[in-house]
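Residues per chain are reported as follows:
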Amino acid sequence: MTAFFSIIVCQVHDLGRATVAGMGTKRFEGENDMKSFISLSLIITLIAFISGCLLLGKNKEYQPFDTSGLDRLTPGRTMASEVTEMFGAPTEVVKLSNGNAYIYKRSLSKGTGLWLVIVSFGNYDTDCDQLVFFFDQNDVLRHYGVSLNAGKASYGLPF
Amino acid sequence: MGSRSNISLILITFLLSITLLFSACLSYRFIRVVEGDEVVPPGDAFELGKTNLGDVLSVLGAPDKVAELEGKDLLLYERAVLQDSRLSLGIPLLDISGANIDLSGYGTLVLYDRLWLLFTPDRILRQMMFEKGSSHPYLKALFVED
Numbered sequence: 001m002t003a004f005f006s007i008i009v010c011q012v013h014d015l016g017r018a019t020v021a022g023m024g025t026k027r028f029e030g031e032n033d034m035k036s037f038i039s040l041s042l043i044i045t046l047i048a049f050i051s052g053c054l055l056l057g058k059n060k061e062y063q064p065f066d067t068s069g070l071d072r073l074t075p076g077r078t079m080a081s082e083v084t085e086m087f088g089a090p091t092e093v094v095k096l097s098n099g100n101a102y103i104y105k106r107s108l109s110k111g112t113g114l115w116l117v118i119v120s121f122g123n124y125d126t127d128c129d130q131l132v133f134f135f136d137q138n139d140v141l142r143h144y145g146v147s148l149n150a151g152k153a154s155y156g157l158p159f
Numbered sequence: 160m161g162s163r164s165n166i167s168l169i170l171i172t173f174l175l176s177i178t179l180l181f182s183a184c185l186s187y188r189f190i191r192v193v194e195g196d197e198v199v200p201p202g203d204a205f206e207l208g209k210t211n212l213g214d215v216l217s218v219l220g221a222p223d224k225v226a227e228l229e230g231k232d233l234l235l236y237e238r239a240v241l242q243d244s245r246l247s248l249g250i251p252l253l254d255i256s257g258a259n260i261d262l263s264g265y266g267t268l269v270l271y272d273r274l275w276l277l278f279t280p281d282r283i284l285r286q287m288m289f290e291k292g293s294s295h296p297y298l299k300a301l302f303v304e305d
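If you read the protein sequences in the order shown, they are chains V and W. Take the first sequence: its position 43, counting from 1, is numbered 43 in the numbering used here, and each next residue is one higher. Numbers given in the numbering used here equal positions in the second sequence, counted from 1, plus 159.
In case anyone wonders, no lab produced these hints; they're calculated from the structure. There could be a bad hint or two in this list.
[Said to hold, decoys possible] Here are the computed distance ranges between Cβ atoms for each label pair:
#1 164/W x 57/V: 28 to 38 Å
#2 261/W x 54/V: 19 to 29 Å
#3 267/W x 57/V: 16 to 26 Å
#4 303/W x 57/V: 30 to 40 Å
#5 204/W x 75/V: 17 to 27 Å
#6 79/V x 267/W: 17 to 27 Å
#7 187/W x 154/V: 35 to 45 Å
#8 41/V x 294/W: 38 to 48 Å
[Stated by the list, open to error] Derived coverage of chain W by chain V (criterion: at least 3 residues anywhere in the stretch with Cβ under 8 Å from a Cβ of chain V; other residues may be distant):
#9 201-209
#10 260-274
#11 286-298
Even for Gly, the Cβ is constructed at its ideal location relative to N, Cα and C.
Throw the hints in and build the complete structure from the sequences for me.
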């Protein structure tokens, strides 16, 4: 970065000198110096503000669900044991007024960080794949809900 | 001409020093954390006393939370949006004075979009509530005192 900056300084400075020598008027010399100064100021400011770094991160909990098994589920017939055979141990079991709910949850998070010289931005987006099965008191499946949103987690800036 | 060039170089050096010094002293950070998918308002899709659990699940998918509340079943769809901004101004004087000057201000705001559905034991919709917290403007929500 420093080397790059030095090269630009030398080139712009030499350009100003050469032009001034060719024209030979004081007025033009002053204008040229001013132009060089403005150009360099812009370059310095630009370099100062664009120097930074970008970070992309990903956090994944568990593996995605194999949703092909959902076609084999029949409310009123499928038992809780069949569900656990297909999807494994649930993430959470909730006791309800008239049965139980088995909750399966997989989350995916994507984070983006951008550091510039005086400003920094961070964005962290988490989405989940969720399956919730509602069983009656005899462990027979009554209803189930599916939300597959983990793929919606995205990288990006916070605005 | 030589003196003009020297002045330019001095100005450039001064500008560079100021820029670098400024970058060490002042900083602004903004972070946004979003957890969960967008929660859609139910509108007229559901009718209290008629809609059952299966209807709700087929429209909204799996809920984020399930719980029992005094003999009734609760389904909660939720999205949380956290916004955090921090502005700091510090002058590193440790080497000179033994103490640093550090001024900073920050504000963290978490807004929730929530759909709350309550079912009877026979899984008929009895009550529902929707709140869209994320529609509140960040600065207004942060600075207005309740």
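Now the hints, each set against the structure:
1. 164/W x 57/V: 28 to 38 Å: The hinted range 28 to 38 Å is violated for residue 164/W and residue 57/V, with Cβ atoms some 48 Å apart.
2. 261/W x 54/V: 19 to 29 Å: The hint (19 to 29 Å, Cβ to Cβ) holds, given that residue 261/W and residue 54/V are roughly 27 Å apart.
3. 267/W x 57/V: 16 to 26 Å: For residue 57/V against residue 267/W, whose Cβ atoms are near 21 Å apart, the range 16 to 26 Å holds.
4. 303/W x 57/V: 30 to 40 Å: For residue 57/V against residue 303/W, whose Cβ atoms are near 34 Å apart, the range 30 to 40 Å holds.
5. 204/W x 75/V: 17 to 27 Å: For residue 204/W and residue 75/V the Cβ distance comes to about 20 Å; the hint holds.
6. 79/V x 267/W: 17 to 27 Å: violated (46 Å)
7. 187/W x 154/V: 35 to 45 Å: violated (24 Å)
8. 41/V x 294/W: 38 to 48 Å: The hint (38 to 48 Å, Cβ to Cβ) holds, given that residue 41/V and residue 294/W are roughly 43 Å apart.
9. 201-209: Coverage by chain V is violated here, the residue count being 0 at a Cβ distance below 8 Å.
10. 260-274: violated (count 0)
11. 286-298: violated (count 0)
In terms of the numbered hints stated before, the structure departs from hints 1, 6, 7, 9, 10, 11, listed from lowest to highest.
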